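Put together the whole structure using the sequences plus the hints.
Chains G and L, in that order, are what the protein sequence lines are.
Once you know that position 49 of the first sequence is 49 in the working numbering, the rest is easy, because the numbers rise by one and skip nothing.
Once you know that position 36 of the second sequence is 36 in the working numbering, the rest is easy, because the numbers rise by one and skip nothing.
Keep in mind that the hints were calculated from the coordinates and are not lab data.
Predicted model, so just to flag it, every value in this text is computed and none were measured.
One or more hints might be untrue.
[To be verified] Lysine to any residue pairs mimicking SDA-like chemistry, simulated, CA-CA at most 25 angstroms apart:
no.: 1; chain 1: G; residue 1: Lys216; chain 2: L; residue 2: Ala467
no.: 2; chain 1: G; residue 1: Lys12; chain 2: L; residue 2: Lys196
no.: 3; chain 1: G; residue 1: Lys12; chain 2: L; residue 2: Glu430
no.: 4; chain 1: L; residue 1: Lys423; chain 2: G; residue 2: Ser259
no.: 5; chain 1: L; residue 1: Lys196; chain 2: G; residue 2: Ser259
[To be verified] Chain G is faced by these chain L residues, among others (derived, beta-carbon under 10 angstroms):
no.: 6; residue: Glu61
no.: 7; residue: Gly136
no.: 8; residue: Pro139
no.: 9; residue: Ala273
no.: 10; residue: Gly453
[Unchecked claim] Derived coverage of chain G by chain L (criterion: at least 3 residues anywhere in the stretch with Cβ under 8 angstroms from a Cβ of chain L; other residues may be distant):
no.: 11; stretch: 37-44
no.: 12; stretch: 50-64
no.: 13; stretch: 67-75
no.: 14; stretch: 80-90
no.: 15; stretch: 253-265
The beta-carbon is built from N, C-alpha and C at its ideal position, and this holds for glycine as well.
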Amino acid sequence: MNKPNLKASDFKSDLTPIWCPGCGDFHVLMSITRALAATGRPPEQVAAISGIGCSSRIPAYTNCYGFHGVHGRALPVAAGLKVARPDLTVLALSGDGDGFSIGGNHFLHACRRNIDMTYIVMDNRVYGMTKGQPSPTTEPDWDSALSPGGTGLSPFHPLVIALASGANFVAREFSGDIKGCTATIAEAIRHPGFSFVEILSPCVTFRPDEREWKGKVHKASVPETDDPARAARRIMTDDGMNTGILYRGKRRPYHTSVSDEAGDIAALETRFEI
Amino acid sequence: MLRALNYRKLVLEYMIWVNRQIHHAGGSRMADTRSARENVSFAVVGTGGKGAITAGAILLEAAGKGGWHGLLTRSVGPQIRGGEAAALVRLATKPAFTMARDFNILVALDWKNADRFISAMPVARGGLVIADPASGSAPRAVQEASCTIAEVPIAALAKEIGGGRENMVAVGLVARLVGLEEEAVMEVIAARLGRKGRAAVDSGRACLEAGMEAAEALVPAFPLAPAPERDSPRWLITGNEAMGLGLLRGGIRFAAAYPITPATDLLEYLAPALSRIGGALLQAEDELASINMALGASFGGRPSVTATSGPGLALMMESLGLAAASETPVVVVDVMRVGPSTGIATKSEQSDLNIAVHGFHGDAPHVVLAPLGVADCLFVGQWAVHLAESLQTPVIVLSDQSIGQARVVIDRPADMQFLTRRKAFRATGEPYLRYALTADGVSPMAIPGQPGGQYTADGLTHAQSGAPSSAAKDQSEQMAKRARKIELFDFGDYWGEIEGPEEAETVILTWGSMAGAAREALGGDTRLIALRLISPLPVGQIQPALKGAKRVLLVEQNASGQLYRHIRAHMDLPGEVRQLNREGPDLIGPQEIAATLRDWSPA
Numbered sequence: 001m002n003k004p005n006l007k008a009s010d011f012k013s014d015l016t017p018i019w020c021p022g023c024g025d026f027h028v029l030m031s032i033t034r035a036l037a038a039t040g041r042p043p044e045q046v047a048a049i050s051g052i053g054c055s056s057r058i059p060a061y062t063n064c065y066g067f068h069g070v071h072g073r074a075l076p077v078a079a080g081l082k083v084a085r086p087d088l089t090v091l092a093l094s095g096d097g098d099g100f101s102i103g104g105n106h107f108l109h110a111c112r113r114n115i116d117m118t119y120i121v122m123d124n125r126v127y128g129m130t131k132g133q134p135s136p137t138t139e140p141d142w143d144s145a146l147s148p149g150g151t152g153l154s155p156f157h158p159l160v161i162a163l164a165s166g167a168n169f170v171a172r173e174f175s176g177d178i179k180g181c182t183a184t185i186a187e188a189i190r191h192p193g194f195s196f197v198e199i200l201s202p203c204v205t206f207r208p209d210e211r212e213w214k215g216k217v218h219k220a221s222v223p224e225t226d227d228p229a230r231a232a233r234r235i236m237t238d239d240g241m242n243t244g245i246l247y248r249g250k251r252r253p254y255h256t257s258v259s260d261e262a263g264d265i266a267a268l269e270t271r272f273e274i
Numbered sequence: 001m002l003r004a005l006n007y008r009k010l011v012l013e014y015m016i017w018v019n020r021q022i023h024h025a026g027g028s029r030m031a032d033t034r035s036a037r038e039n040v041s042f043a044v045v046g047t048g049g050k051g052a053i054t055a056g057a058i059l060l061e062a063a064g065k066g067g068w069h070g071l072l073t074r075s076v077g078p079q080i081r082g083g084e085a086a087a088l089v090r091l092a093t094k095p096a097f098t099m100a101r102d103f104n105i106l107v108a109l110d111w112k113n114a115d116r117f118i119s120a121m122p123v124a125r126g127g128l129v130i131a132d133p134a135s136g137s138a139p140r141a142v143q144e145a146s147c148t149i150a151e152v153p154i155a156a157l158a159k160e161i162g163g164g165r166e167n168m169v170a171v172g173l174v175a176r177l178v179g180l181e182e183e184a185v186m187e188v189i190a191a192r193l194g195r196k197g198r199a200a201v202d203s204g205r206a207c208l209e210a211g212m213e214a215a216e217a218l219v220p221a222f223p224l225a226p227a228p229e230r231d232s233p234r235w236l237i238t239g240n241e242a243m244g245l246g247l248l249r250g251g252i253r254f255a256a257a258y259p260i261t262p263a264t265d266l267l268e269y270l271a272p273a274l275s276r277i278g279g280a281l282l283q284a285e286d287e288l289a290s291i292n293m294a295l296g297a298s299f300g301g302r303p304s305v306t307a308t309s310g311p312g313l314a315l316m317m318e319s320l321g322l323a324a325a326s327e328t329p330v331v332v333v334d335v336m337r338v339g340p341s342t343g344i345a346t347k348s349e350q351s352d353l354n355i356a357v358h359g360f361h362g363d364a365p366h367v368v369l370a371p372l373g374v375a376d377c378l379f380v381g382q383w384a385v386h387l388a389e390s391l392q393t394p395v396i397v398l399s400d401q402s403i404g405q406a407r408v409v410i411d412r413p414a415d416m417q418f419l420t421r422r423k424a425f426r427a428t429g430e431p432y433l434r435y436a437l438t439a440d441g442v443s444p445m446a447i448p449g450q451p452g453g454q455y456t457a458d459g460l461t462h463a464q465s466g467a468p469s470s471a472a473k474d475q476s477e478q479m480a481k482r483a484r485k486i487e488l489f490d491f492g493d494y495w496g497e498i499e500g501p502e503e504a505e506t507v508i509l510t511w512g513s514m515a516g517a518a519r520e521a522l523g524g525d526t527r528l529i530a531l532r533l534i535s536p537l538p539v540g541q542i543q544p545a546l547k548g549a550k551r552v553l554l555v556e557q558n559a560s561g562q563l564y565r566h567i568r569a570h571m572d573l574p575g576e577v578r579q580l581n582r583e584g585p586d587l588i589g590p591q592e593i594a595a596t597l598r599d600w601s602p603a
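In structure tokens form, the structure reads like this:
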């Protein structure tokens, strides 16, 4: 079923993104289409599922099947789709507000369920579409109109949560590193089970300070591990700018078998007969 | 046989007759109970875990095998175990749609917590109460009733039998009193206990015999009239099971599930049934997830469902709007319970009509259905899938606890055939317009995997291609298209049921489960209109059905008259209009409907 000669452009639609100039999500879109071309699945066998927010606009910018749902619910849509159609490659695409705040509960249970799909969260530590409110990953002292002086809240740590909840593949990338993003996303798609990739994707409009991320990120200095305890210690103690594949687990993916046969419905009646 | 000797001695030793206020001509000790009855009702009560409900279920099944009709409902407290539990059973020679108002026989395994629920199962005048003297005296309501109280040492009888259970003794008592054959009951017991081995079956038989013998002194009691000849195969089924089977017949191959009373047993029916026919059920973390899982699976081409109750439906509303906007077929079964909020989870009410019809934000055309009884759950489940798939729209089915959890003997329903098919996409080489403006409003829907059919399903206002749009033109066109597909669809004769004479002056107008009580209340000159299609309201069918009506009685189980207000938003009603409605859990019964009509003397 795989086609060897696919190009990134085969996965792009002709819609123009609504994103601000300089938005990190442009690079993420580019990396996703390149990664899909590398995996060799034709666009009609790929489904991109999203919720609400700047990053969640991606499905329509691809030439895959897409589902742009309600805020926070990309993961359950993706889960239902993958269980019903295990033959498809399923990507769930989200942002830090969509994925970790309103959709936070689904994140925990998607990791636990370990359905074979790839979850890419573009983390810019701000609600961009609503023009600059703090998200779960925003620093506690970041000043905004909605939370003057900062929220004072401890930031959410997506990678640790993913690991603790049972995700089978955990990685962090920086949107500006298209080569690194592409390679990691392709690996995430290939890896069985629930793969989680956090991509630091700057919001240059509401978080201009994030332009500095380019100089702060660095490749992980040690190789990936399959030991969750080691991975957790590394992730808990790194500076949040460490990129690359951090954990690649061996959990068995969620399994159900579905069939296209009609099934013997009449046989279901016998238990009611008296 | 030691067992036999012991229990006979016990029966003689403990059986005490207590006659109370039996006002009966001729001064007989018991009410006239010799003539065979078309209807016999009984209740088995006891602390949860003692098997009162199993006892009722065994008796219903045995009667069903013998050709009688019947209905079992459960009355349970909020406790998971150790609370009160009661099986309420009505056996009849004709199909039974509602539970009896009062009970000919009440068997109490114990009287623990009886004060809390005994008012819901009053003993009929001249009725018989069987209680174990070891469990203390009967509650006041029972002592004051015009009934006979017989004391039978149920626990002691069961104890004398190795592995004996009190509820099986109760089965024997009732079986003898209503005239069920021992072997017919034994067949059911053996089927249920067979897995536990020979000893369990033997002990079941011993208990059954002990109960039947203990009841010997009380007969003749309430013998059922002979069962009519069976003219079709019979089923023993609950409303939730019938709904599940209907959904599968309709083509459902994916279900998402989050547990909630009283819908859980529907989901638990679907789980193994789906895996038998090559489908899948996914347990969700909450109802926000379950509806979205169903949408994902449906987007993938598999007809999908989730089932819930009022609180869960409230959580699903945003995503049901998405289903309407993205034109993703999905069925949501709401097995209604007493609301608002947590309400009474184990009791029935018809109070989610408002949220089902009006709960969406924005204008979101969709379909709302309600089954007219347990048997009708089968049809409505199947029809719901047909409508969702044909119209690419959400369909909400309003079942409720009173039919969902009622176990009923029914004639095997006729097979229905629908040509259920999504309008399919075929690649033409032209750019694919997922939301193309068509005459009937339904557009070809591509399924992931189909080359050339790629599109993004979207809750954003979109152009025909699916591309997001904020243009007024697209909003208007797409809004009109979605409204059109519902407006132009021919729902056929399935919109409701009409019974009784044409152009009757008195009409009962009702919906969903309340149709059963209304049907049993029908007199010679009254007509019944029971709505199965709630939204879109079938005004064009209701109006002619009301022709000649001078009195219209709206019957529904909610406090605010939700159907009445819904109808009045769309049409006028002829003549004088009255409402018989109230909140659950006190169900409106046939006698009450009939009395309301009697008291409504023609002007």
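Hints versus structure:
The suggested pairing of G:Lys216 with L:Ala467 is violated, with an alpha-carbon distance near 37 angstroms, which exceeds 25 angstroms. Of the pairs offered as hints, the one joining G:Lys12 and L:Lys196 is violated, with about 62 angstroms between alpha carbons and a cut-off of 25 angstroms exceeded. Restraint check: the Cα-Cα separation between G:Lys12 and L:Glu430 comes to about 18 angstroms, which is no more than 25 angstroms; the hinted pair holds. Only pairs whose Cα atoms come within 25 angstroms are accepted, and L:Lys423 paired with G:Ser259 is accepted, the gap being roughly 21 angstroms.
Our distance criterion of 25 angstroms between C-alpha atoms is broken by L:Lys196 and G:Ser259, whose separation comes to about 35 angstroms. Proximity of L:Glu61 to chain G holds as hinted, the smallest CB-CB distance being about 6 angstroms (cut-off 10 angstroms). Contact between L:Gly136 and chain G, as hinted, is not supported at the beta carbon level, the nearest pair being about 37 angstroms apart and thus beyond 10 angstroms. Hint status for L:Pro139 relative to chain G: violated, with the closest Cβ pair at about 35 angstroms, above 10 angstroms.
With a cut of 10 angstroms, the hint placing L:Ala273 at the interface with chain G holds, because the nearest CB-to-CB distance is about 6 angstroms. A cut of 10 angstroms between beta carbons decides the hint on L:Gly453: the least distance to chain G is about 7 angstroms, and the hint holds. As drawn, the stretch 37-44 of chain G meets chain L at 3 residues by the rule of a beta-carbon pair under 8 angstroms; at three or more, the given contact holds. Figure legend: the stretch 50-64 of chain G, annotated as covered by chain L; annotation consistent (5 residues with Cβ-Cβ distances under 8 angstroms, at least 3 required).
With a threshold of 8 angstroms between beta carbons, the proposed coverage of the stretch 67-75 of chain G by chain L holds, since 7 of its residues qualify and at least three are required. Beta-carbon proximity to chain L at under 8 angstroms applies to 8 residues in the stretch 80-90 of chain G; the threshold of 3 is reached and the given coverage holds. Coverage of the stretch 253-265 of chain G by chain L holds. Counting CB-CB distances below 8 angstroms, 10 residues qualify, and the rule asks for three or more.
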